[in-house]
Structure formats: C-alpha cells, structure tokens
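So you can see what is in the structure, the chains are spelled out below.
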Amino acid sequence: MKKTFFKPYLLAALCASTLLVSCFKEELNPTSVIVDTEEVKSQFDLWLERHYVEPYNVNFEYRMPDRETHFNYWVTPPPIDKSIEIAKLIKFVLLDGMSELMSDEENPTLLAKTYFPRLLFLVGSYEMDSNNTVVLASAENGIQINLLGVNYFDRETGCSGITGTMIHEFAHILDGNIAVPIEFDLITKDGYIGDSYSSAPNDYLENGFLSNYARSTPAEDIAVTTAALVGETPEWWESTLNSIKNAEARAKIEKKRDMIISWLKSEFSIDVYKWRDIYQGRLNRVGEIDWYNLDD
Amino acid sequence: MKHITNIVALLAATLLLATSCRSDDSIFEESAAERIQQGLDFYEKALLDGQTWIMEYFPSEDLKYGGWIYVLTFNADHNVRAWFEGETFVDDQNYLETPYAVEYSTGPMLKFVNFNSFLHYFAMPNYEHGYQGLEGEYEFSFLGITAEPEILLYGIKTDKTMKLRLLPGDYTPEEYVEAVRESQRIVRPTTLKLMVNGKEYGTLTRANAFQDDTFEGYMQSKVWTLSYNYRQQQTDPTGAPVYDDEGNPVYEEVAVNDRLSFIHYPDNTMKLYEPYTFKGELEGLSGQTMQTLEWKIGTAPLSDKFVCLDSFLEIEFVQ
Numbered sequence: 001m002k003k004t005f006f007k008p009y010l011l012a013a014l015c016a017s018t019l020l021v022s023c024f025k026e027e028l029n030p031t032s033v034i035v036d037t038e039e040v041k042s043q044f045d046l047w048l049e050r051h052y053v054e055p056y057n058v059n060f061e062y063r064m065p066d067r068e069t070h071f072n073y074w075v076t077p078p079p080i081d082k083s084i085e086i087a088k089l090i091k092f093v094l095l096d097g098m099s100e101l102m103s104d105e106e107n108p109t110l111l112a113k114t115y116f117p118r119l120l121f122l123v124g125s126y127e128m129d130s131n132n133t134v135v136l137a138s139a140e141n142g143i144q145i146n147l148l149g150v151n152y153f154d155r156e157t158g159c160s161g162i163t164g165t166m167i168h169e170f171a172h173i174l175d176g177n178i179a180v181p182i183e184f185d186l187i188t189k190d191g192y193i194g195d196s197y198s199s200a201p202n203d204y205l206e207n208g209f210l211s212n213y214a215r216s217t218p219a220e221d222i223a224v225t226t227a228a229l230v231g232e233t234p235e236w237w238e239s240t241l242n243s244i245k246n247a248e249a250r251a252k253i254e255k256k257r258d259m260i261i262s263w264l265k266s267e268f269s270i271d272v273y274k275w276r277d278i279y280q281g282r283l284n285r286v287g288e289i290d291w292y293n294l295d296d
Numbered sequence: 297m298k299h300i301t302n303i304v305a306l307l308a309a310t311l312l313l314a315t316s317c318r319s320d321d322s323i324f325e326e327s328a329a330e331r332i333q334q335g336l337d338f339y340e341k342a343l344l345d346g347q348t349w350i351m352e353y354f355p356s357e358d359l360k361y362g363g364w365i366y367v368l369t370f371n372a373d374h375n376v377r378a379w380f381e382g383e384t385f386v387d388d389q390n391y392l393e394t395p396y397a398v399e400y401s402t403g404p405m406l407k408f409v410n411f412n413s414f415l416h417y418f419a420m421p422n423y424e425h426g427y428q429g430l431e432g433e434y435e436f437s438f439l440g441i442t443a444e445p446e447i448l449l450y451g452i453k454t455d456k457t458m459k460l461r462l463l464p465g466d467y468t469p470e471e472y473v474e475a476v477r478e479s480q481r482i483v484r485p486t487t488l489k490l491m492v493n494g495k496e497y498g499t500l501t502r503a504n505a506f507q508d509d510t511f512e513g514y515m516q517s518k519v520w521t522l523s524y525n526y527r528q529q530q531t532d533p534t535g536a537p538v539y540d541d542e543g544n545p546v547y548e549e550v551a552v553n554d555r556l557s558f559i560h561y562p563d564n565t566m567k568l569y570e571p572y573t574f575k576g577e578l579e580g581l582s583g584q585t586m587q588t589l590e591w592k593i594g595t596a597p598l599s600d601k602f603v604c605l606d607s608f609l610e611i612e613f614v615q
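These protein sequence lines are chains A and B, in that order.
The first sequence: position 160 = 160 (my numbering), numbered continuously.
Count along the second sequence from 1, add 296, and you get the number used in my numbering.
This is chain B alone, in the form it adopts within the complex (with noise of 0.2 Å):
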C-alpha cells in the first residue's frame, strides 16, 4: 500500500511538472491583427503597383445585364479614378474620381467610399431599377491574386468573382474603353444561326444591336438568347423511361432558350461569365462547352460571323 500511495504521489508530481513545462509558443510570429494589417498592406501595394487596372465587371447573381468593363487607376491618396464603358449613358464626363479603401471586413476588401455615377451605378437601388438596383457591387472581397498578374475579387451579393488586369501599355484608359465599344458596335446582327461543324443547330438573338445611349439599349445589346432543340426520352409521371410497344424508346423535342451575357474586349472577342455548356443528346454537340467568340470581318458584311476560339467543335454564328 506503501509503494501505491508513493507512485501516486509521483506520479501527480510528474504531471505537475510537465503541466508547468508546456511550451507556449504562438503558431504565428504575428498578432492576429499585424497578420489582419500585413493582408491589407499587400492588396493595396498590389493595387498601387499596378496602378491602372481592367475591372471586368459582372452585376446581378443571374448575369442578367451582361458584363462591363471598367478602367481604374488607384492613386496613393486614396483616390481611384474611373473610366467605365457605359459612360455614354451615365454621365458626359471621360472618368469620375472618388476616395477608395482597402479595409478589413469579413477579410481584405476593396470598397469605393463615396458616391461614384460610374462605380456605383449598378448597386443604386432607384424606382427605375427597384430596390436592388441592378444589383451590382461597391464592396468587393479580396480573393488573392494570380501569376498574370489578375486580382480576383468576389462580390457577396453577387456572388460572382470579378477580376482585375493590368491595362496593355498600349492603351490609354480613354482609348481602352471606347476600343470595348468599337468591338460591339462593329456587330450589327440581331440574329445569327447557330453552326456546329457545318451544320445549322439553332439561333442567337438579342433584342437590339448595340446602342450606347441609353442602359437599356447598350445592356440588352450584351444579352443574347440562345435556342436550339435536342431530343431526350420520354418519361412517364413516375420518372420511369418511355417505351413504345416494340421497345424502343419513345423521344420528345424539347426547346432550349438559354441566356447568355457577355463582357467585351477590344480584340473583338466576348466572353461569358463561365463556360456554355450545351444540353442534350445533340449529336455531338451534347456536353460541349464555349465560353469566347470572335466576331470575324469576312469579304463582304454578310459573311461576318462569330467563331467560337474555346470549343473543340468548329461552332459558328453566321448570318
């Protein structure tokens, strides 16, 4: 009983001691909030080095008003200064400036302090638009940044990731965004047919070709429908496959009118949010995916068309 009482005790001795000799280093060399100032400190150097950068921009979780370009130079004062595309509708003046932060939220974010016509012009909730605007962004999460370099950022009520480019040296931000312009205004077209190696599938239409006066005009000139009809089985009110009575299965036609909302470059090129992908068994054509059209200058106005640069079918849009 002795030697139990003396190994207890020893024991609680032991445990004492190794209790006090716990070390209690810290995982980071930081504080939280020095760790928390050292992620704000690195977006904005990033901002400031690269100074002039490309916001392609996306408002509204469906994509409804297509993409936009932006032009944004951050300066060391703090102040940003904006060029946008849709300026021809906003305001006659080449670019607004107005106080930018790079501030802690629920991590780094970008936010445009003060009212901008240009940065805020899709987050504006008005009778025009509603209560939500048209649902755009001012306050925009850091998400990190790429090799490129690209800046990503992610907008909460969109929940849509946008990014920043660094402007090409061979654009002044003016020249930048009236080249996005040109790109649109060059396609004339309402309504284009839908080719796949050659083979006509289906259309793409939008309600007007571009038009840089009004918001309605220029947005809806972004928003193409895309429509197309593919086969599938039928199925009966179970869910369960159709069949005929000599086995085979039994198809019914069914009408794809998918919205697609696309940002423009200057290259002549747009592009969507993500890729397209196509639906059914469409020959082919099923599971393929676009996301970049060209829109090529043939020999006579006619024979202008879209070419698809991202798909590994030949998919045109011709007129």
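Extracted from the complex, chain A is given alone in its bound form (with noise of 0.2 Å):
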C-alpha cells in the first residue's frame, strides 16, 4: 500500500518539475561575442596579399606583434621600408626561385606552398643576449622564421645574407618535415660540441664540417651544408674541398653533400643544382626589383 501511494506521486513531482526544467527555450545569440577589429589596410599590406597570401598562402608579419617575440630578448620592430625591400627581395629570389625550380610541374607553387615558412616574422633588432651575443634567425615549430635585425639591413650589401639566412631557416624547416636519415647524424658523430662551436678554432674543415657553426649539431650541419649546396658556386665547392688536407674529413663531407642533395631531391623533388642555378641567378639580378613600387 505504501508502495502504491508513493510512486505515482513522487513521479508526478519528478515529471512536472522535469518539465518546467526543459521548459525554458534557451535561445542562442546570433550575433558572435568575438568582435572582429577594423584593421587599417596599408599600400603594403595588400602587396603582401597578392604577392605572399593569395600566390603562396605565406603570411609576412612586419608589425612584430609581442606575442610572437621571445621575451627573454629586448627588441624593437623593424622600420617599414626595409620591411618591403626584405618583402621584395625574398619573393623575387625564394619564392618566385622555388616557382621557377618547379615549372614543370603542375603546381610550380606547390612546393613553397607546402614547405616555405607560413609565417615570415621580421623583428628590427638583433636579439642579444648579456654577452653580447647575437642571433640572426631562427625557425620556430616547422612554420615560422624569425628574421632579425632588419635594421642593419643593406640591400646594396646584404641580399645574400638575408636569403642565405632564410635558405638556412628553411632547410629546417624541411628536415622538421622529413627528417634526413640518421645515418648523416653519425658520419661525423664525435665531432658536434654544442655551444662550444664558438670558441672552437677554424679547422672545422679538417674535422669533416663546413663551418665551426655546423659543429654545433646535426642540425645545423644539415642546414649549413643545404645552405651551401644552393648558395655557393661551383667554383667555392671545388676549392674548399680541394683545400682540405685529410683526406677522411673531405669524404665525411663529400658523403653529408651526396645525402643531402640524395634526401632532397627523393622527398622533395627538389633537383639542387638547378635550384643552385636559379637562386644565384636572381640573387645577380636582383637590381631589377622596384624596391618602391607597391601598385603590382
């Protein structure tokens, strides 16, 4: 008997109270609480949408927006004109290079597409630290290069260093995406020593390396010999290693130079020596850029 009152009742409660629960319609608002701010659109900044956006889906940050910086380092922004002269310059021998390297495929821009940085992040300054030690780029997570001290930079002077940074960078940016065999790690496995690479003498080329800063580690020697493979001439390669003494230390290089352009040319299609080709061919002309004009 007791069972019989209480369960029509107690469900009873339960039902209506579950009713006026689902009984208030909560309506959603259509507008979005995130407001989209108006951003002021310079000459420059639709230059970048049709010559690094549109064609490359690469985004060309030169405001330096804070979130982006280290904060360990002080910096400054850079200062705008040379932020389009360093715009030109990497569009007219990287980007439009790779398109080039690429012409006889479908897609010419397919490879920068997929591979350029997707975020090119210009910093005005050096960022040094209290030793007075200066960082010139570097590349973060596989998508972004941070390009600094665009202060100082020359373009009379200093193309090559820009792009031969930027090659660097993106060398990286490939060996984060498909890495080289390890088997390039251990062609001169004993010879990496870290931060020590700076206080080391200049005999890195006796020891199987290119510079004292690919003695660093792997990676940089990946990226320095990639680096050297598309900046430097025929000429430069013949009598660098022709200036080595040990013969070891020269087959250690010869061997990191076949397994780069090997790693390159089978992952990415890339055929360096015509990139070579290309990149130095447009760094000799890069006095037919309209550093001013931004109507194209």
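Hint data in this document are derived by calculation from the structure and do not stem from the laboratory.
Source: prediction; values computed, not measured.
Hints are not guaranteed to be accurate.
Unchecked claim - Here's a subset of chain B near chain A, in silico, CB distances under 10 Å, partners left out:
1) 391
2) 395
3) 403
4) 407
5) 422
6) 426
7) 427
8) 432
The beta carbon of each residue, even a glycine, is placed where N, CA and C say it ideally should be.
Hey, can you piece these two chains together into the complex? The hints should help.
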C-alpha cells in the first residue's frame, strides 16, 4: 500500500519538475562574442596579400606583435621601408625562384605553398644576450622563420645574407617535416660540440664540417650544408674541398653533401643544382627589383 | 514513514523547480570582446581628440638616463608624428612619422608599430648600449585618463608610469622641444651647493653641462648626484644601538650620494620622477621631500640658482 501511494506521487512531482526544467528555451544569440577589430590595411598590406598570401599562403608579419617575440630578449620592431625591401627580395629570389624551380610541375607554387614557412616574422633589432651574442634568425616549430636585425639590412650589400639565412632556416623546416636519414648524423657523430663551436679553432674543414657553426649539432650541419649547396658556386665547392688536407674529412663532407642532394631529390623533388642556378641567377639580378613600387 | 517520504519527494521537486527557475542574467550587458573593443575605442578616441600630446618618458627601471620629452601627434590614419628633444643626436629631422596601434594585450595598449629612430631610441638593443639597449619601451599599457586631461601609461619593462598631456596652444611641437632644450641650455654649472633655510648641507653635481650633440653628453646633464652627510647612531654586529661608557649614543657619519634623474620643461623647471626624501637625522631636513626645481635667473650669472618649488623648507641649490 505504501508503495502504491508513493510511486505515483513521486513520479508526478519529478515529471512536473522535469517539464519545468525543460520549458525554458535557451536561444543562442546570433551575434558572435568575438568582435573583429577593423584593421586598417596599408598599401604594403595589400601588396603582401597579392604576392605572399594569395600565391604562396605565407604571412609576412612586419608589425612585430609582441606575442610572437621571445620574451627573454629585448627587441624592437622593424622599419617599414626595410620590411618592404626584404619582402620584395624574398619574393623575387626565393618564392618566385622556387616556382621557377618547379615550373615543370603541374602546380609550380606547390613546393613553396607546402614547405615554405607559413609565417615570416621580422624583428628590427637582433636578439642579443648579456654576452652580446647575437641571434641572426631562427626557425620555429617548422612553420615560422624569424628574421632579425632588419634595421641593419642594406640592400646593396646584404641581399645574399638575408636569402642565405632564409635557405638555412628553410632547410631546418624541411628537415623538421621529413627528416634527413639518421645516417647523416653518424658521419661525424663525434665531432658535434654544442655551444663550444663559438670558441672552437677554425679547423672545421679538417674535421669534416663546412663551418664551425655546423659543428654545433647535426641539425645545424644539415642546414649549413643545404645552404652551401644552394648558395655557393661550383668553384667555391671545388676550392674548398681541394683545400682539405685530411682525406677522411673531405670524404665525410662529400658524403654529407651527397646525402643532402639525395634527400632533397627523393623527399621534395628538388634538383638542388637547378635550384642553385636559379637562386644565384636571381640573386645576381636583384637590381631588377622595383623596391618602391607597391602597385604591382 | 509515509509522511517523511512525501516530504522528501516534495522537497526534491521544489529543489528541481528552484534550479530550473534560476535566473541566468549576465553581469555585463555586452560581451567581453565588445567591452574590450569599447576600451580600445575609448583610448583611441582620446588620443585623436587631443591630437597633439606631450609624452613624458622615463627609460630604465633605475632611472639611469633621466626623463625625456616627446611631442606626439596622432592621426586618424594610424600614423603618429613624433618630435623628440634628443633629435639633435639621433636624426637630423624635425619629426619622424610611424604607424601606431591601440590594441589589446594584457589590457588596452599603445604600440608604436614600426621602427622609428626617435620613439625606439631607448628600446633598441645594440653593441653600443648592450642587450637591453637603453632600457626603453615601445609598448605602453593604458592606465587611465585624468581630468587634466592626462593619459597615464605604464611601461612593463621599466615599471614606470609615464604620461601624455596636451601640448599648450601657444607652442608648436618644434617650439616646445626647442624650449625644453633651451631650459637645460641656460643651466651651466656642474656643481651647486645644497642650501636649506640658508645653511649649506651638501652638493648637487653632474658630469657635464648640457650638450645636445651626443646621447652621453645630453643624458649626463640630466642626471645629478646629490651628496650630503648625516649622522646616525652606530650599531653593533647584532644590530643593537651603541652607547659610550656614560650612556650617550655613539654616532657615525653616513655619506649619501644619490642619483637624481630629472625631466625638463620649457618654464625652466626640472622634475624628478617621484619626490626625493632626505635621509637620516639632518636637523629638520630628515624626511623632507623635494621634486621640482626651478632655475631662477639672478642679477649676475653667479647668482643663478635652483629653487625647490614643492618643499616645506627653503631648499636651494646655489653656485
């Protein structure tokens, strides 16, 4: 008897409550709480949209939003005139150069679109530490290259410095996407010395490296070797290799060089010597760049 | 038992009803994003309404380099035109223009977007001044607007509050920064005597008189050293006060050499970032403060002197 009284009563109460709970209609506000700020686009912004974003899906960030900077360094934003010059330089020598390199492919821009860093981030000053050690550039997470010291860029003398640095950092990004075979690391595995590279004697060639910086880590060795393959002439390679007295060291450099050539070809369809010719040819023609025109 | 069960059931139902009837009103009428935008619009409008502002800028957390005057004109196209009292050693141009932004970081923030050799002079690290440069800012958090009106800005690196105030109508920006330089140029001495109510207490010295062709020379003329001695009772290694055999306190002389970094105004006054408080037991001077000094021109060059404008005592710095 107790049960028959209790059940209907309780059930009725619960049903009524449930009904009341569900009777309030929660209508979503159709207006987003995220308000888009009205961004004022300059002529340079519009040029970047036409020449970086649309063809290559690359964001060229010259306003230095502080969230992207390294908080352990004191830095300043880049000047706009030099930012424009660097944007034009990188487009002409690297991005358009990569499209030329891949001109036989169905989509010539695909290499740059796929592997060129999604974000180029310009910083006016260098990143300096308390020992006055300077960082020239850095690659972040395979998608971003930070170009530092834009204030000091001189287009008469500094073009190859910027593009060479970009190739170096680009190699890091390629390596980060599809790693160079581990055998590369083993060729001079006992020769990597970390940060001590900065105080090492200049006997890197005799130890199987193209620079002291290449001695720091295998990753830097890969980047230095790639940058030398693209940025240096056949004559430079020949004279450099011929200057090495230690035959074993020379063989190690040649082996690393060949591994990079093979890796670029097999993983990215990059003919490195064709790239070198295009890159160096364009670097010799930077005088053709219209540095001031933002209407094209 | 039946009653208890009924009561529990009713309570449960009431509780559910109460839960479902709870009002879910927002505390604010607008969303957070809308309120952020309103804050940005508020400061943006203030900058544009005032249009031309004097910026009092203090680089360095330790105030090593003195205070500096900029004049800034904000335009609706998001460019700011900057005049700088240090233009004489930075760039041979009257003003430099650069984009600015009012954007949200930890709060509303004024940022000078692209490099400007005036506005980023103190922030730029380099080999000459080291990895922190001259410890300056290029991003400033808005703290508020006073009735004056003054816009208060905060520099995160320097932990200093800076301010924007309106350029007086009788000055052009060029005239104002030149007047700021002139008010420093007329002060030639590098050593002055600290006089309090007519009695000499110490000295105020600086490395050099005003020089506008180098940063070092200019900066050193803004930064003075205030030197004086005061007595304090000696303490033993445990920190206990020392007395002589007759129970009298034993005193020692303490030499004070404090850095005073000034910012200068066209009316021949210079002001410290915050009031300076005199130290020690100094015959009525202890605990007294001073912040603003005016260079008073006397009847003869040697009678020119600084007079403190905001102390209870008669504090002067004479030749």
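Starting from the hint list further up, note which numbers the structure goes against and sort them upward.
-> Hints 1 and 3 are the ones this structure does not satisfy, whereas the remaining hints hold.
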